[in-house]
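Engineer: Sequence:
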Amino acid sequence: MIVKRLLIPIIVSFVGVVSSCGSDDHAVTPPANDYFTLWNSCEALSALKEYVEDVTNPASANYIKTEDRIATFDMDGTFVGELYPTYFEYNLLEYRVLDDESYRDIAPDDVKETAQEIRDFVRYGKALPSHFDVKHAQAAAKAYAGMTIAEFDAYVKAYAAHTANGFSGMTYGQSFYKPMLQVFDYLKANGFTYYVVSGSDRFICRALVDAIGIEPNRVIGMDVKMMSTSQGTEAGVNYTMGKEEDLIRTDELIIKNLKTNKVLQISQEIGKVPVLSFGNSGGDAAMHNYCLSNPRYRSAAFMLIADDDVRDHANRDKALTLATQWREAGYHVISMRDDFRTIYGNGVEKTDFVFTADTRVLDEWQAGRIVSDKEVEAFGGIDKCFAAEPIPDRVWERMQGKTYKDNPYIGRDDLRHIRALHWDYDNQMHVGEMICNKAIADRVARIMRQLFDAKYPIQRMLLPDVYDADDETQMRDNNSSCFCFRTIAGSTKLSKHARGLAIDINTLYNPYYKARADGTLFIQPATAEKYCDRTWDFPYKIDENDLCLRLFKQAGFEWGGDWTTHKDYQHFELIE
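Going by this note's numbering, 354 is the number at position 352 of the sequence shown; the sequence numbering is gapless.
Incorrect hints may have been included.
Claimed, not checked - No more than 25 Å apart at the CA atoms, straight line, and that leaves these computed lysine-lysine pairs for BS3-like:
{"hint": "1", "residue 1": "LYS386", "residue 2": "LYS404"}
{"hint": "2", "residue 1": "LYS180", "residue 2": "LYS386"}
{"hint": "3", "residue 1": "LYS532", "residue 2": "LYS516"}
{"hint": "4", "residue 1": "LYS227", "residue 2": "LYS114"}
{"hint": "5", "residue 1": "LYS404", "residue 2": "LYS498"}
{"hint": "6", "residue 1": "LYS320", "residue 2": "LYS128"}
{"hint": "7", "residue 1": "LYS227", "residue 2": "LYS137"}
{"hint": "8", "residue 1": "LYS543", "residue 2": "LYS498"}
{"hint": "9", "residue 1": "LYS245", "residue 2": "LYS376"}
{"hint": "10", "residue 1": "LYS274", "residue 2": "LYS190"}
{"hint": "11", "residue 1": "LYS457", "residue 2": "LYS543"}
{"hint": "12", "residue 1": "LYS376", "residue 2": "LYS386"}
{"hint": "13", "residue 1": "LYS137", "residue 2": "LYS261"}
{"hint": "14", "residue 1": "LYS555", "residue 2": "LYS128"}
{"hint": "15", "residue 1": "LYS227", "residue 2": "LYS159"}
{"hint": "16", "residue 1": "LYS245", "residue 2": "LYS261"}
{"hint": "17", "residue 1": "LYS386", "residue 2": "LYS407"}
{"hint": "18", "residue 1": "LYS352", "residue 2": "LYS180"}
{"hint": "19", "residue 1": "LYS440", "residue 2": "LYS498"}
{"hint": "20", "residue 1": "LYS555", "residue 2": "LYS543"}
{"hint": "21", "residue 1": "LYS352", "residue 2": "LYS128"}
{"hint": "22", "residue 1": "LYS180", "residue 2": "LYS114"}
{"hint": "23", "residue 1": "LYS386", "residue 2": "LYS320"}
{"hint": "24", "residue 1": "LYS352", "residue 2": "LYS376"}
{"hint": "25", "residue 1": "LYS180", "residue 2": "LYS159"}
{"hint": "26", "residue 1": "LYS227", "residue 2": "LYS67"}
{"hint": "27", "residue 1": "LYS457", "residue 2": "LYS495"}
{"hint": "28", "residue 1": "LYS261", "residue 2": "LYS404"}
{"hint": "29", "residue 1": "LYS67", "residue 2": "LYS114"}
{"hint": "30", "residue 1": "LYS128", "residue 2": "LYS543"}
{"hint": "31", "residue 1": "LYS261", "residue 2": "LYS227"}
{"hint": "32", "residue 1": "LYS159", "residue 2": "LYS144"}
{"hint": "33", "residue 1": "LYS376", "residue 2": "LYS114"}
{"hint": "34", "residue 1": "LYS245", "residue 2": "LYS227"}
{"hint": "35", "residue 1": "LYS555", "residue 2": "LYS457"}
Derived from the structure by calculation, the hints contain no laboratory data.
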């Protein structure tokens, strides 16, 4: 009978989800005792107030006992800023690994890679790898391992005291959506208990929400394994912690609290199904659906959309698309642009993002990274980015047993390290490097500079050692390279690559192929069959009118595309 009695109110609460709130032109002055002085009159606010009034009315069929009035809130993008320029915990890891002098020189390589991917994303718009949320969580676990709870709390708060990038008049620690804080006050006044249920690190969340009075035991988030300071390798079940010990973070990730993991954590830690749920992204949809499936009580879910591109760094088109999706899912939509009279409060203004020049990518010549004009200038200018020099020790060490193997034909002194920048179709400057014979080194460096000046697209220019010197793998990745001590494909004869006298450019799109006796083709890379047909246009194609071809021929190289017994469109080798 309970289900039948609740069915009609639930349907009514979600039917007629109308357009978002009016702008300030439609705002009305709220009474002095109104909790929502920072809101405009709107559907989402009306729905929330109607819901709360209904379920807290003892005479209502939908009355909810105080102890069951549970509300869950995502954090980033729901009541804390996340567009400065990305999530707080991403900004924090980037700072920790790339800028914090106490840690950056000892950070593990995989953690550095993750932090650099964040930097490339926020500065250059380079897409993050798939499933990056988990990759970040694993890197963060390592980056803060060994800190006590108090040390980590202080570290987070110290970073939060920095001015939020992209804003004036506000620190990261002050970046709360002021209208959403009024929702907390309103719910508290009406007997609700609210929890923060975030994908961010639980202890980061605790540090941030401490400023607005949310108790630590009402914060659920990503978790890493903890241990006591003297526990060592002993399992917790076998070790008794001493009075003088502290708790420290380990590098072991327990859970990334997103999507259905949020539901699992709510069930385990709260033990009740929420009746209100607030979020802003697909990572919150499972939590919302769990709330709306509450078998005992009328429930409601709200999605906030970042559609204000004047007061915040929002993508309005994306937000409006999401608004439609959320309404279709049965969620109320809160518009930051239309529903909020203010976002961050008086005195806060949106500004351009400002990034300090980071020359370490160029100082260490980290091939594959993206750099800006500002960083090139700080490094010493564009001319310094093109050179042919003796192989640095760190590069020589990487080559051992991979592209370089002990042999009687060529040694370190016969080779040179080429550093160069190159463009790609993303219109970004990429750091590149290759090893070649000293006899052609200056010519190759000069050609790379000419290609750069013409904005000729080269997707990757990494040493084959990145691919464990596997030629097929690097070609499938469209890598451009020179030296690799190996034989000619399909033979036992040493390739000119083994002497550093041949260069392959944009290898996937300019394959090697040769007809077999049975009429089939031997193709490298094997994934490039469609690019053997040179009658159609496609990116990175090298043909008779290509600038790269002309420059190499002028410098004394022959092109594998001119050969008759087989074709090697990627290949340029010195004529001897």
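Engineer: So if I understand the rule, the pair passes when the alpha-carbon distance is 25 Å or less; does LYS386 with LYS407 pass?
Structural biologist: Judged against 25 Å, a Cα distance of about 30 Å means the pair is violated.
Engineer: Regarding the pair LYS352 and LYS128, is the alpha-carbon distance no greater than 25 Å?
Structural biologist: Holds, at about 23 Å.
Engineer: For the pair supplied as a hint, LYS352 and LYS180, is the alpha-carbon distance within the 25 Å limit?
Structural biologist: 16 Å, holds
Engineer: Need the status of pair LYS180, LYS386: alpha-carbon distance at most 25 Å?
Structural biologist: Distance of about 49 Å is beyond 25 Å: violated.
Engineer: Holds or violated: LYS440 with LYS498, Cα cutoff 25 Å?
Structural biologist: 14 Å, holds
Engineer: Hinted pair, alpha-carbon criterion (25 Å max): LYS128, LYS543. Please report holds or violated.
Structural biologist: Holds, at about 23 Å.
Engineer: Quick one, are LYS555 and LYS128 close enough, alpha carbons at most 25 Å?
Structural biologist: Status violated; Cα separation ~34 Å.
Engineer: For a C-alpha distance cap of 25 Å, please report whether LYS457 and LYS543 respect it.
Structural biologist: This hinted pair holds, its Cα atoms lying about 15 Å apart.
Engineer: If you draw a straight line from the CA of LYS159 to the CA of LYS144, is it 25 Å or shorter?
Structural biologist: Answer holds: LYS159 to LYS144 is near 19 Å, not above 25 Å.
Engineer: Straight-line Cα separation of LYS274 and LYS190 no greater than 25 Å?
Structural biologist: Within the cut-off at roughly 18 Å; holds.
Engineer: Holds or violated: LYS555 with LYS543, Cα cutoff 25 Å?
Structural biologist: 17 Å, holds
Engineer: Between LYS245 and LYS227, does the CA-CA distance stay at or below 25 Å?
Structural biologist: 20 Å, holds
The structure is inconsistent with the numbered hints 1, 2, 9, 14, 16, 17, 22, 23, 26, 27, 28 and 29, although it conforms to all the rest.
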